[in-house]
Every structure is written in structure tokens, then in C-alpha cells.
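Knowing the structure of chain A, use the given hints to seat chain B on it.
2 protein chains.
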Amino acid sequence: MTQEGCTIWFTGLSGSGKSTVSQLVAARLRERGLKVEVLDGDVVRTHLSKGLGFSKEDRDTNIRRIGWVCEILSRNGVMAIAAAISPYREIRDEVRSKNPQFIEVYMSCPVEILIERDAKGLYRKALAGEITHFTGVDDPYEPPLHPEVICYTDGRETPEQSAAKVLSSLTERGLIEEEG
Amino acid sequence: MTQEGCTIWFTGLSGSGKSTVSQLVAARLRERGLKVEVLDGDVVRTHLSKGLGFSKEDRDTNIRRIGWVCEILSRNGVMAIAAAISPYREIRDEVRSKNPQFIEVYMSCPVEILIERDAKGLYRKALAGEITHFTGVDDPYEPPLHPEVICYTDGRETPEQSAAKVLSSLTERGLIEEEG
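Line by line, the protein sequences are chains A and B. The number in this note's numbering is simply the position in the first sequence, starting from 1, with 19 added. The number in this note's numbering is simply the position in the second sequence, starting from 1, with 19 added.
Calculated directly from the structure, the hints in this document are not laboratory data. Mixed in with the good hints there might be a few duds.
Since the list gives no way to pick one copy over another, a pair counts as held whenever it fits inside one copy or between any two copies.
To be verified - The calculated lysine-lysine pairs, modelled on DSS-like cross-linking and capped at a C-alpha distance of 25 Å, are:
#1 54 / 184
#2 117 / 184
#3 69 / 117
#4 144 / 75
#5 117 / 75
#6 69 / 139
#7 69 / 144
#8 139 / 75
#9 54 / 117
If we strip away everything but chain A, and leave its shape as in the complex, we get (with noise of 0.2 Å):
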């Protein structure tokens, strides 16, 4: 059989849970034997979008580069995984519109626990005025109307549930077989 690509995109909040479920989800894939490429949004930022700010324009710029290559990965078969705060909701559903196979994972966590959590200090930065433009502080984040999967980690679900459950939907689309 050959491999199907699709296009799995993680959104939400800094800290939500983004680059580790990714990474779980990613290695559960390999292990299966697929092709998957990790496309971190920290990391893409210096491969792809050096020079770039967070203003609307340029996350956006941004989030159309990494949509643009997961469409080109998909498309070849490779399972592309996105992990971006992606705060824009027009954005994201100009990317789903390109890929085909598009499961759209919303990081659910309330900017209150994170900024409890603040695993990076950045939201301590942020609220005070250190850092700007700061998703959740004092840029906005638009929620996914309608994401394929919903991960709640503000303690609900361990990371390993939380790839558990994008797996499944993976699995209901067809995408990936039944575990035996």
C-alpha cells in the first residue's frame, strides 16, 4: 500500500501542549513504519521565515509557508505535522483549503493555567510588557469553530491521551490502520 499524506495541524496557545504532542504523535507514526515530517513553528521560523515579526502580516506569512510545505509533504505521501500557534482562523482555514487531507487539532487549555504553568517564563514576560504582541496576553487567538480533534491539556489528558486521541481520528479517516 502506498502511503497516503495528510496534513495533522496542531493550534493553540504557547505551552498548550503543541510541540509535545506533536512529537509523541509523530513517533507512534514512525513506529508504524510512515513517513512523518515535524514542521515545529519555532523551528520553521529560521528555515523559512527569518526576518519575519508577529504582526498579523507576518504570522501570517508565516503560517501560508509552513501550510505551502505541508501541502507539497502531503501530497508526496508524507504525513505532515504542523505545530504553530497559528492564532488566525481565516488563516488556518486558507491552509485547509489547500490540503486535502487536513485534521486540524485544537489545543484546548485556559491562558490562566498556562500562565500559572509558564514552563518558558514567557507569559511572566509578557504580562509585563516585556515581550509584545504576545498570543493570549495581548494578541488575539481565534479558536478552531470546528477542529477534527480537541485536546484538553489543562490537565484532563496526559500528553500520551492527547496523541492517543489524534491517532484515533487518523484511524476513522482511514489514514492509518487499526491497530492489530
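The following block gives chain B in isolation, referenced to the frame of chain A:
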């Protein structure tokens, strides 16, 4: 057999046949059922590098981005074909260093012949000073010193003959099978 990926990198002046020959190579590879993606410099600019100009720095950034996309495609088993002027040797060699299977194809054609042909009318504009930073006119082109393939597109070879040379090189390297 799982397909092994590679990066086939066409470099040469504007009008030297990069797009034509790369499309022919892509067509021949697709006929064999292989996964192929062509990254044409002009097309990629709209997706990855909108806003970049033709200064050395901007050209380098554009080439690095194309090189990075080739890298992630080829490590996932796709034959990535880039067709971009890519005038600077150092950046091409940088891309080569990150792409383990790298086939550099130099489209060799004297600029005098390209000026005479001038299919797109760009050389006339560059010579008249209406376009600046035009490779081969007022911007440098550094030919590869050790390309895997040289195509003589000055009239000595037809596009099909040039494409055949590229395919032979892929066969020699064990990247595709000999035709039965």
C-alpha cells in the same frame, strides 16, 4: 522497494533551460511511478520568499529556503528537483552539504547566445538598464566547479538529450533503475 529520495539541483543563467529540462526529467521520473516535486525558483519565490529582492543576501536566503524544502522532501523519499539560477557557488555548496544525495546539474550556455535568444525579453531590459541585478548582465554567475552533470544548452543538445543525461546520472548513482 522504498524509493530513495534525492535532490536534483539545476543551476544556470536565465533562459538556459532549467525549467524546460527539469520538467522533462520530472515527467520521465513520474512515468516510472516515482514521487517527484519540482521547485521552480520563480514559483517558490511567491510561496516562500515574497518580499525578497535580488541582492546577494536576498538571493542567498531564497536559495537556502529552497534547499531546506529539498532536504525535507528528499529525506522522505521524494525526488526533489530545484530549478533556480542560484548564482553563488558558496550557497549551492552549503545546500549540497545538507543534502546527502545531491546531483548538481549545470546548464551551460554562453550569455551571448541567451542575449540573442532572449525568449522573455529580459536580457534586452537588463542591457537597457530597465532591470538591475540581472544575473549574467550586471550580477555575477559562478559556474559549478564539479557538477554531477553538465548540459550544453547552447544548441548542441536538445532538451530531451539534456534530460537523458540527468537520468543516466541518476542510474549510475543507483537512484533509479536501468530501463529494461
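Now the hints, each set against the structure:
With identical chains, the CA atoms of residue 54 and residue 184 are at most 25 Å apart within one copy only, with a shortest distance of 20 Å there and 30 Å across copies. Taking the shortest Cα distances, residue 117 and residue 184 sit within 25 Å of each other inside one copy (24 Å), while across copies they are farther apart (35 Å). For the homomeric pair residue 69 and residue 117, the shortest alpha-carbon distances inside one copy (24 Å) and between copies (19 Å) are both at most 25 Å. In this assembly of identical chains, residue 144 and residue 75 lie within 25 Å of each other by CA distance solely inside one copy; the values are 20 Å within and 37 Å between copies.
Taking identical chains as interchangeable, the C-alpha atoms of residue 117 and residue 75 lie at most 25 Å apart only when both belong to the same chain, with a minimum of 20 Å there against 32 Å between chains. Taking the closest pair of Cα atoms, residue 69 and residue 139 come within 25 Å of each other only inside a single copy of the chain (21 Å); across copies the shortest separation is 32 Å, beyond that limit. Within a single copy, residue 69 and residue 144 get their C-alpha atoms as close as 22 Å, which meets the 25 Å cut-off; across copies the closest is 32 Å, which misses it. In this assembly of identical chains, the alpha carbons of residue 139 and residue 75 lie at most 25 Å apart only when taken from the same copy (23 Å versus 36 Å across copies).
Taking CA atoms no more than 25 Å apart as the test, residue 54 paired with residue 117 passes in both settings, with 20 Å inside one copy and 19 Å between copies.
Hint violations for this structure: none, all hints satisfied.
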